[in-house]
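> The chain contents come next:
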Amino acid sequence: MSLELRPRIERKTDPRAVIRNIGDAVFQRSSELVGICLLLLVLLGLYTYYYPSLFTGRSVVVLSAQFLPLIIASMAQAIVMLTGGIDLSIGAVVSLVMSVFAVLAGTPTGVLGAMAIALSVGVLVGLVNGAFVAFARLPPIIVTLAASFLWSGATLLILPQPGGLIPKGLISAYNKGWNGVAVGVVALLVMLALWKFIARSRFGLSIYAVGGNEQGAFASGIRVRMVKLLAYGLAGLFAGIAGIALTIQTGTGDANLGTPYTLNTITAAILGGVSFLGGIGRMRGVVMGALVVAILPILLLFIGVSPFYQLVTQGGILIVAFASKYLLTRGKQAL
Amino acid sequence: MSDPRTRTHTAPADETAVDAPLETRATSIAVHNSTLRSTGRAVLNNRALLSFVALAGLWLVAVLVSPSFGSPATTQYLLQTAAFLGIVALGQTLVIITGGIDLSVSGVVAVAAVVCAQTAETAGPAGAIVAALLACAVVGLFNGAGVFFLGIPPIVMTLASGTILTGVLLIYTNGSPRSANVPLLKALANDSAFGVPLALVLWLTIACIAWWLLHGSGMGRYAFASGSSKSASRAAGVPLQATTLTMYIGCSLLAGVSGLVLLGFTGTSSLTMGNPYQLLSIAAVVLGGTSILGGRGHLLGTVSGAMLLTLLTALLGTWDVSEAGRRVALGALILILLLSYSRESKR
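Protein sequences, first through last, are from chains A and B.
The first sequence maps to residues 1 to 335 in the working numbering.
The second sequence maps to residues 1001 to 1347 in the working numbering.
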């Protein structure tokens, strides 16, 4: 499957072998990310060709605000995939949090109160998914598919028509920068630091262990069910943050805006090197994958492709990403 | 819950079904009870039977709640609408038994209806139906090829192809699909013969064919083997390529048939008309007692699963709830039903 699972080359005290081992280790550790990094650079190069002022402060502010929801939602998807599951309800959860936040933001609860409630809804929804997967031992596909039905219905109950009142100041601070600070970039760095902290903790290691080998993790004393439950809850938190960011970015709540996230987050996670079987994957790869997924449609618009083709390309990238990974790794295994 | 006699008869078959080779399974049934031998591998296992028991129970509840459920007219209507879901779910069963899943059925239902409506004027009804089914077969081939040759997990492959289909239909119809009047489809969807809806007849006919394919033919045995263990069946020389492609094409074709009947029923095509069937077809299969992990289950369970879901939807309809409320209730009910009898002990 993955290169990281191959037995390491013999470790000898011979200095040349040591250097070779280090080289191999570095290459192996990041080889999954070289491809996506190159792809992202090519896309960014094309982007600057069509839109030379890409790397000016203003476009960074605007684009980071635009890309942030997808990036964070992809991190949520990656967390679930690391445990060996998949979340088909992520689009519905993003919409649900969006509608809760949009409805409450204009009421006396205030923006911060609305955020807190909306995030708790996200966590709660994630925990429900997790409880069905971990404790009821139902397969994640069917749980999250049924849940997507449930939550999209709940979203429509809360917010039948697009709407909601988000403070203008917040929208402009997020989309146009707050005192010259790109809020999207800062939020992304905070989220990455948060994940780094979690990934290094006992809980984070347990997520990787459970996804890599559930029986092995259980045998080494990890509370597999608890870890799964909490991982789904954490994914709910991330999906919730994505939903809030999307609401502020678009300025309204809309029950349908979350829908494409299910497919796009899976694509981003796969592109970013997260194994479909769980246990393997890095968040920086996922961020790059999400950037590719976000940039590609804009590039296609630049080239002059009709927006009707967006869905076709979205599905197409996912298939190409998977197929190329499969064909490449199969070629390596044969060598 | 279920009849104790049936339980003793079928328990051995169920036990061996999990991991024993197929020949052993057949012989063990024969040893335990020779009368069941004629139906052989087609013996109903506990879970499929259980779903029929649940269906009967729910129907009793429905009649108690609202006596109109017992009337012939309502029963007729329910069976007619159950057929639309039931035909998609039969196809879904074929794929799930092989260890796959098809999330693109919603797209395929729309493809069949849209292609048929779009070509009905120029190609005539027969030509339009053939064109629609051909388009569906191509989608099935695409799904199967992606899963088999490119090693893409079925969830991902069919999710992606479903999205691509929606995009392709947008381009093909320019965003505004047509309505069409195809008399043959209209009759198939709405008419009855001797009080039996033709849609039900079509559904049961297809169920018999699919039953033979899955439980009577060699291909069906390969499908079960593939769903139990891919590597073991590859080692045993099971023709995985032919099996995978056949089942995915079969699934798409059946979703297409359902789309055509739906076109006859509503008279119009739309890009989202298949959307409810994505979750409902999978739920019908699982509620019918088939393991979502593949390799275990019975096609007839799916028939009862589809009826169960249709009845549930109709029951929810009697309380005057909104579309959103119905979605919530249906999603929650499916989760609860899954909890009560479809837990996976096998990991």
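The reader is advised that the hints may include incorrect statements.
[What the hints assert, rightly or not] Below are the SDA-like pairs computed for lysine to any residue, each with C-alpha atoms no more than 20 Å apart in a straight line:
id, chain 1, residue 1, chain 2, residue 2
1, B, Lys1230, A, Phe276
2, A, Lys176, A, Phe276
3, B, Lys1230, B, Met1219
4, B, Lys1230, A, Leu327
5, B, Lys1186, B, Leu1245
6, B, Lys1230, A, Leu277
7, B, Lys1230, B, Ala1242
8, A, Lys176, A, Leu165
9, B, Lys1230, A, Tyr326
10, B, Lys1186, B, Ala1242
11, A, Lys176, A, Ala193
12, A, Lys196, A, Lys176
[Unchecked claim] Not everything, but these chain A residues come out facing chain B in the computed CB check (under 10 Å):
id, residue
13, Ser201
14, Thr262
15, Ile266
16, Ile298
17, Phe302
18, Ile303
19, Gly315
Rather than coming from a laboratory, the hints here were simulated on the basis of the structure.
Think of the CB as a built atom: it goes at the ideal place given N, C-alpha and C, for glycine as much as any other residue.
> Hint check: Lys1230/B vs Leu327/A, CA-CA at most 20 Å. Holds or violated?
Measuring from Cα to Cα gives roughly 19 Å; hence the hint holds.
> Does the CB of Thr262/A sit less than 10 Å away from some CB of chain B?
With Cβ-Cβ at 8 Å, under 10 Å, it holds.
> Hinted pair, alpha-carbon criterion (20 Å max): Lys1230/B, Met1219/B. Please report holds or violated.
holds, 15 Å
> Can you confirm whether the C-alpha distance between Lys1186/B and Leu1245/B stays at or below 20 Å?
violated, 31 Å
> Given the hint that Lys176/A pairs with Phe276/A, does the C-alpha gap stay at or below 20 Å?
violated, 37 Å
> Is the straight-line distance between the alpha-carbon of Lys176/A and that of Leu165/A 20 Å or less?
holds, 19 Å
> Does the nearest C-beta of chain B fall within a distance shorter than 10 Å of the C-beta of Ile298/A?
Ile298/A check fails; min Cβ-Cβ to chain B is 17 Å, beyond 10 Å.
> Holds or violated: is the Cβ of Ile303/A closer than 10 Å to a Cβ in chain B?
This interface hint is violated because 16 Å lies over the 10 Å limit.
> Take the C-alpha atoms of Lys1186/B and Ala1242/B, compute the straight-line distance between them, and say whether it is at most 20 Å.
violated, 35 Å
> Do the numbers back the hint for Ile266/A, that is, is its least Cβ distance to chain B under 10 Å?
holds, 6 Å
> Is it true that the CA of Lys196/A sits at most 20 Å from the CA of Lys176/A?
violated, 28 Å
> Next item in the hint list is Phe302/A. Is there a CB on chain B closer than 10 Å to its CB?
violated, 19 Å
In terms of the numbered hints stated before, the structure departs from hints 2, 5, 10, 11, 12, 13, 16, 17 and 18, listed from lowest to highest.
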